[in-house]
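J.: Given next are the chains, with one letter for each unit.
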Amino acid sequence: AQSVTQPDIHITVSEGASLELRCNYSYGATPYLFWYVQSPGQGLQLLLKYFSGDTLVQGIKGFEAEFKRSQSSFNLRKPSVHWSDAAEYFCAVGAGYGGATNKLIFGTGTLLAVQP
Amino acid sequence: DAGVIQSPRHEVTEMGQEVTLRCKPISGHNSLFWYRQTMMRGLELLIYFNNNVPIDDSGMPEDRFSAKMPNASFSTLKIQPSEPRDSAVYFCASSFRTGGQPQHFGDGTRLSIL
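Protein chains in written order, with the numbering used here: chain W, 1 to 116; chain R, 1 to 114.
What the hints contain is simulated information worked out from the structure, not anything from laboratory work.
Where hints are given, some of them may not hold.
Listed next, the in silico DSBU-like pairs over lysine-lysine satisfying Cα-Cα at most 35 Å (straight line) [what the hints assert, rightly or not]:
hint : chain 1 : residue 1 : chain 2 : residue 2
1    : W       : Lys103    : R       : Lys78
2    : R       : Lys68     : W       : Lys103
3    : R       : Lys24     : W       : Lys61
4    : W       : Lys103    : W       : Lys49
5    : W       : Lys68     : R       : Lys68
6    : R       : Lys78     : R       : Lys24
7    : W       : Lys61     : W       : Lys49
8    : W       : Lys68     : W       : Lys103
9    : W       : Lys49     : W       : Lys68
10   : W       : Lys61     : W       : Lys103
11   : R       : Lys68     : R       : Lys78
12   : R       : Lys24     : W       : Lys103
13   : R       : Lys68     : W       : Lys49
14   : R       : Lys68     : R       : Lys24
15   : W       : Lys68     : R       : Lys78
Chain W extracted, bound-state conformation:
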C-alpha cells in the first residue's frame, strides 16, 4: 500500500539558515509527489510537484525538492528561511496506477518554527 513518512514532527531553524524537510514514500510505480504548506487558519497550498523528468523541481516561495528514487525520498529544501515560512508542511504521493485514481496520500506533516 502507498504511504508517506515525514519523520520530523517539529523542526526549529533560525531565520536565514538553510532548511531541509524529509519525506519518504512507499509506492510501487513512478510516483507523483507533492509538497504543500499550511499556514494557521488556512488551507493547504501547493508548493511544488514532481511528475517525471528532472529530479530537482523548483516551487514557489524559493523552495525546491529533489526526487531520489534509490532512497524513496522527496526532501524539501530552502537555502535561507524567512520568518514567514513558519507553517506546517505536508508531503503527499499520488495513489493509484496509471492515473486510475487521483487520490493523494498525505504524510503527517512537519511543523516548522523560525527563530529570529
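Could you slot chain R onto chain W? The hints should help.
T.: Using the frame of chain W, we list chain R on its own:
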C-alpha cells in the same frame, strides 16, 4: 481566479444538531475531495467524487456523515446528528480528473460541536 470556496468558515452548534458544510470547486475541475483535519488524526480523506459521482467513501466515519454533489459546481457534507467528536476542520479540495493532478484546497470550515 477564484479558488475553492467553502462555507461557512466557522460553525458552532450543539450536539445532536444537523450540520451542513458547503463547497464550490474551481470551475472546470471534475474531481472533488472532502477531508477532515484534527490534531489527533491529522488529515483524513473522507470521500471523493469524479464527475459528480462518489468514487471512494471509505473514509466516511459512520452513517451520520453523508456527502452529495448534485452538480459540477457544488457539494455538501452533512453530519446528522452531530457529536462533539466531530469537531474538526473540514477541507474541500478540487482537481482535474487526470491522475497525478495537484489538489487545490479551500480555507476550510472550523466546526465545533458543543
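J.: Now tell me if each hint is right for this structure.
T.: Hints versus structure:
Proposed proximity of lysine 103(W) and lysine 78(R) is supported: the alpha carbons are some 21 Å apart, at most 35 Å. For the hint pairing lysine 68(R) with lysine 103(W), the CA-to-CA distance comes to about 18 Å; that is within 35 Å, so the pair holds. Restraint check: the Cα-Cα separation between lysine 24(R) and lysine 61(W) comes to about 27 Å, which is no more than 35 Å; the hinted pair holds. For a cut-off of 35 Å, the pair hint linking lysine 103(W) to lysine 49(W) stands: about 15 Å separates their Cα positions.
A threshold of 35 Å between alpha carbons decides the hint, and for lysine 68(W) with lysine 68(R) the separation of about 40 Å lies outside it, so the pair is violated. Between lysine 78(R) and lysine 24(R), the direct Cα distance comes to roughly 15 Å. Compliance with the 35 Å bound is thereby established for this hinted pair. Between the alpha carbons of lysine 61(W) and lysine 49(W) the distance comes to roughly 14 Å, so the proposed pair stays at or under 35 Å and holds. Distance hint between lysine 68(W) and lysine 103(W) is fulfilled; the C-alpha atoms sit about 22 Å from each other, no more than 35 Å.
Between lysine 49(W) and lysine 68(W), the direct Cα distance comes to roughly 14 Å. Compliance with the 35 Å bound is thereby established for this hinted pair. For the given pair, lysine 61(W) sits about 25 Å from lysine 103(W) by alpha-carbon distance, which is consistent with the 35 Å threshold. Annotation: proposed proximity of lysine 68(R) to lysine 78(R) holds, straight-line Cα distance about 8 Å (limit 35 Å). For the suggested pair lysine 24(R) and lysine 103(W), the alpha carbons sit about 19 Å apart, so the restraint of at most 35 Å is met.
Distance restraint check for lysine 68(R) and lysine 49(W): the Cα-Cα separation of roughly 29 Å lies within the 35 Å cut-off, and the hinted pair is therefore satisfied. For the given pair, lysine 68(R) sits about 12 Å from lysine 24(R) by alpha-carbon distance, which is consistent with the 35 Å threshold. Taken as a hint, the lysine 68(W) and lysine 78(R) pair is broken in the structure, with Cα atoms around 42 Å apart against an allowance of 35 Å.
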